[in-house]
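S.K.: As a plain string of letters, each chain reads:
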Amino acid sequence: GAVVSQHPSWVICKSGTSVKIECRSLDFQATTMFWYRQFPKQSLMLMATSNEGSKATYEQGVEKDKFLINHASLTLSTLTVTSAHPEDSSFYICSAREAVGNQPQHFGDGTRLSIL
Amino acid sequence: RKEVEQDPGPFNVPEGATVAFNCTYSNSASQSFFWYRQDCRKEPKLLMSVYSSGNEDGRFTAQLNRASQYISLLIRDSKLSDSATYLCVVNQRNTGFQKLVFGTGTRLLVSP
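Residue numbers (this note's numbering), protein chains in the order written: chain A, 999 to 1114; chain B, 4 to 115.
If you're looking for bench data, these hints aren't it; they were derived computationally from the structure.
Just so you know, not all the hints are guaranteed correct.
Stated by the list, open to error - No farther apart than 16 Å at their CA atoms in a straight line, the calculated lysine to aspartate or glutamate pairs in the EDC-like style are these: (1) Lys1039/A with Glu8/B; (2) Lys102/B with Asp1086/A; (3) Lys82/B with Asp42/B; (4) Lys82/B with Glu18/B; (5) Lys102/B with Glu1057/A; (6) Lys1018/A with Asp1086/A; (7) Lys48/B with Asp1107/A.
If you're wondering where the values come from, they're calculated on a predicted model, not measured in any experiment.
Please construct the entire structure, taking both the sequences and the accompanying hints into account.
M.R.: Structure, rendered in structure tokens:
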């Protein structure tokens, strides 16, 4: 079945560091990838929709200059949390949808980000 | 009002029990509906889609009532391995983009 790989799975770093998270669709092409964030005991919140070859669409309240998204190929999207601070600590999850047909989203394993 | 509302629980049930979860959504233009399962510190995994005609997958039965904007999930003969958080998810189409909206989840604890 469709597999989405997310890397790294766990990051601990100092405040002010920029962190890049990769999301890859391993056995299918994904024109659209999605980035979510989940705080403890809360629901997944869509941050942005990443479209291959074009600018990402950000949800209201999500700073595009803070969360940089690059979707350079049909199998890779990256999210960079720039100058991360403790309040950015969260569980970040990507998902991807196959380009052909009305397919469900497949989720990556998630990245747990802890900013000290 | 949240777009997708669920009772957070937890629901504590013994093995073998039948348990039902409910969910309501606010956007009447929502197009498709799902139940996902999320284990602690893991990504959500699709459990099943939900249709107005109702659908069943083994011990799991899902039902959608579009008029009431209400979705349900029934789990029969609960197993210890069913312990997880169950997320009600609604797919909305807005200005050409599809968007999944997640409820906060209902936590289920199945005990021996």
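S.K.: Going straight from one Cα to the other, do Lys1039/A and Glu8/B come out at no more than 16 Å?
M.R.: holds, 14 Å
S.K.: Given the proposed pairing of Lys82/B with Asp42/B, does the C-alpha separation stay at or below 16 Å?
M.R.: OK: Lys82/B and Asp42/B at ~14 Å, within 16 Å.
S.K.: Quick one, are Lys102/B and Asp1086/A close enough, alpha carbons at most 16 Å?
M.R.: violated, 23 Å
S.K.: Straight-line Cα separation of Lys82/B and Glu18/B no greater than 16 Å?
M.R.: holds, 5 Å
S.K.: Does Glu1057/A lie within 16 Å of Lys102/B when you go C-alpha to C-alpha?
M.R.: holds, 10 Å
S.K.: Does the alpha-carbon distance linking Lys1018/A and Asp1086/A stay inside the 16 Å limit?
M.R.: It holds: about 13 Å lies between the C-alpha atoms, which stays within 16 Å.
S.K.: Take a quick look at whether Lys48/B and Asp1107/A sit within 16 Å of each other, Cα to Cα.
M.R.: Judged against 16 Å, a Cα distance of about 10 Å means the pair holds.
Comparing the model with each numbered hint stated earlier shows that hint 2 is the single one that does not hold.
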